[in-house]
Amino acid sequence: MFFDRFWRLPLYSSLFIAIVFCSTARAESPAGVVAEHGKLDVHAWLRKLNESAQRKSYTGTFVVSTAGSMSAARIWHVCDGTQQVERVDTLTGPARNTLRRNEEVVTFLPDERLALLERRDSLSLFPAVLQAGNRPVGDFYTLRPILVNDRVAGLAAEAHELVPKDDWRYGYRVWSERKTGLVLKLQTLDANRQVLEQVAFSDLNLDAPVKADQLLRMMNNRSGYRVQRLVQVQTSPQEQGWRVRQSLPGFVSSGCQVRGPAGVADPSKVPMQCVFTDGLASISAFVEPYDEARHISPGQMSSGATQSMSKRVGDFWLTLVGEVPAKTLAWYAHALERTR
Amino acid sequence: MAHTLHSIRMPVESPDSTPVPRPVSEAVSAWMDGETGVADDALEAHLADVEVSETWHRYHVIGDALRAAAPSAFVCSPVSCSTQGSQVFASRVVALATAGAAASVVDTSVAPAGRSELPDTRLVSSPAMAANDAVFRWKLVAGFASIAAVSVIAWSLVGEGMRQQGDGAVLAHAVIDRPAVVPATEVAPVSASSVEPVWVSTPQGVVMRDPRLEELMRTHRQAGGGAAFQVPAGFLRAATHDSSHR
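So the sequence lines, in the order shown, correspond to chains W and F. Note that our numbering has the first sequence beginning at 330, numbered continuously upward. Note that our numbering has the second sequence beginning at 4, numbered continuously upward.
Simulated from the structure, these hints should not be mistaken for lab results. If you're wondering where the values come from, they're calculated on a predicted model, not measured in any experiment. Check before you lean on any hint, since a few could be wrong.
[Claimed, not checked] Label-pair distances were calculated between CB atoms; the ranges are:
1) W:V477 to F:R140: 53 to 61 Å
2) F:L160 to W:K508: 44 to 52 Å
3) F:S159 to W:P439: 28 to 36 Å
All C-beta atoms in this analysis are idealised placements derived from N, C-alpha and C, irrespective of residue type, glycine included.
Sequences are here, hints too, so could you generate the full structure?
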């Protein structure tokens with residue numbers, strides 16, 4: 330009898346519970362973000378994005394725009410399991426074709442009939458750099474989803490924002506392709522969340538039948554070009570007699586290098602580049618002997634998201650460049666000192 | 004109305020022809036084309052008639068205006084070449100004439116040749132007297148148009164200047180006692196360069212465009228330090244930006 334009267338109760342209860350369960354259940358993001366207590370894991374998310382960028386094959390047109398300018402390039406990217414091969418042709422300004430196979434890079438300058446060969450080890454540093462210091466990158470940025478269903482370059486995308494926890498770094502908005510996590514659009518934001526620079530695909534083909542062989546043939550065909558090999562000599566600030574008096578939280582050194590043609594790649598002849606990074610942003614400190622004729626006066630400069638600062642430190646001229654606020658560069662300009 | 008008319012040679016009318024009554028405009032037109040036998044000295048008497056005089060004056064103004072403005076290759080448009088179009092045009096010229104704009108001093112240099120040769124006349128308008136001068140709003144329109152044109156030109160020049168220097172490495176300095184601008188030589192893609200900085204005059208003042216700094220920025224972007232978005236964003240940003248800085 331009881332059941333006859335209240336038979337609807339269990340039905341409605343189970344329905345109610347089902348609704349509550351479905352609405353509170355968090356669907357895992359296609360980008361494979363590991364949710365911990367409802368908080369998005371920055372480190373895991375960045376790793377996923379980076380892996381997609383390397384493993385996926387695609388072709389597309391890429392546009393970099395700042396307040397004052399816009400430039401575009403065409404990209405072909407192939408990953409066949411054993412190697413990554415990439416080709417980037419500029420569409421704006423003087424022609425420049427860059428071909429890369431893993432860390433080997435060949436840059437063709439058609440106007441000058443010059444081909445530059447070099448090895449860029451920095452391309453393989455990620456994601457180790459995310460944990461190089463004793464604090465993870467998630468300590469300095471908060472990851473927030475902002476859009477679930479957006480569309481970029483004809484593809485369904487989701488948007489996240491990386492909000493910096495202090496004002497030593499910029500924020501980012503990232504649009505990633507929903508299925509693969511490939512970054513489709515990236516905006517760099519200042520403290521007022523104004524867009525300083527945007528890097529975005531205007532069109533992208535994820536099923537493009539590009540073969541690595543074709544790109545490699547192009548890369549190895551240097552007939553008609555003068556070939557110049559650039560070497561990179563790795564070193565460290567300590568080796569060169571420099572130290573950072575006090576580093577900023579989150580920023581660690583990822584080594585120094587001297588880059589130039591063989592025989593010229595020497596700190597006394599070309600600027601030495603020391604890089605500091607927090608995993609997302611990087612700062613390059615170029616150190617060279619002071620030259621009164623060339624190093625006129627210290628100054629600050631801004632170009633899109635890239636800030637720059639120059640000053641004299643003893644017998645050396647220091648130039649700092651980075652996608653960080655000017656105060657961060659000023660900190661390093663002050664913190665870098667000679668040990669000998 | 005008293006006007007100085009250019010003299011035209013009128014054929015001597017044959018003694019035994021009698022003028023046939025016809026509309027004044029046609030008659031005046033025929034006189035002007037030399038198709039009647041009206042003698043020059045008889046002209047004065049005819050011009051005493053007001054209607055004849057006005058028609059005579061009007062036709063001369065139209066003819067002078069057409070001859071003065073006529074291009075060597077006349078492009079015919081459906082409007083201008085139609086009868087109606089030419090009448091509209093003629094009435095506009097007449098309107099100009101009657102408005103006093105053609106206070107014309109007609110050049111009286113006459114070629115003493117046969118009647119087929121038109122005298123050399125030029126419609127010389129008095130200086131600084133535009134046809135629509137009397138209408139103030141057109142002066143305003145002309146003034147605003149001039150200001151707008153100058154503003155557009157100035158804006159485009161300013162925008163061009165900012166675009167050229169906004170994308171490069173520019174250091175603003177108060178010191179302007181540098182020597183004359185040194186043209187920047189082509190920057191070699193390797194670090195060792197001896198390119199002099201170039202002083203560029205921009206709307207922001209005299210600033211220095213430093214090719215060396217641009218090269219360092221390019222090197223920074225290429226190296227990147229292994230930051231998260233280096234591949235592909237950083238790599239692409241470097242490869243794309245490089246071109247704009249060369």
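Evaluated hints:
1. W:V477 to F:R140: 53 to 61 Å: Because 58 Å falls inside the window, the suggested range holds.
2. F:L160 to W:K508: 44 to 52 Å: Cβ of F:L160 to Cβ of W:K508: about 49 Å, so the range 44 to 52 Å holds.
3. F:S159 to W:P439: 28 to 36 Å: Because 31 Å falls inside the window, the suggested range holds.
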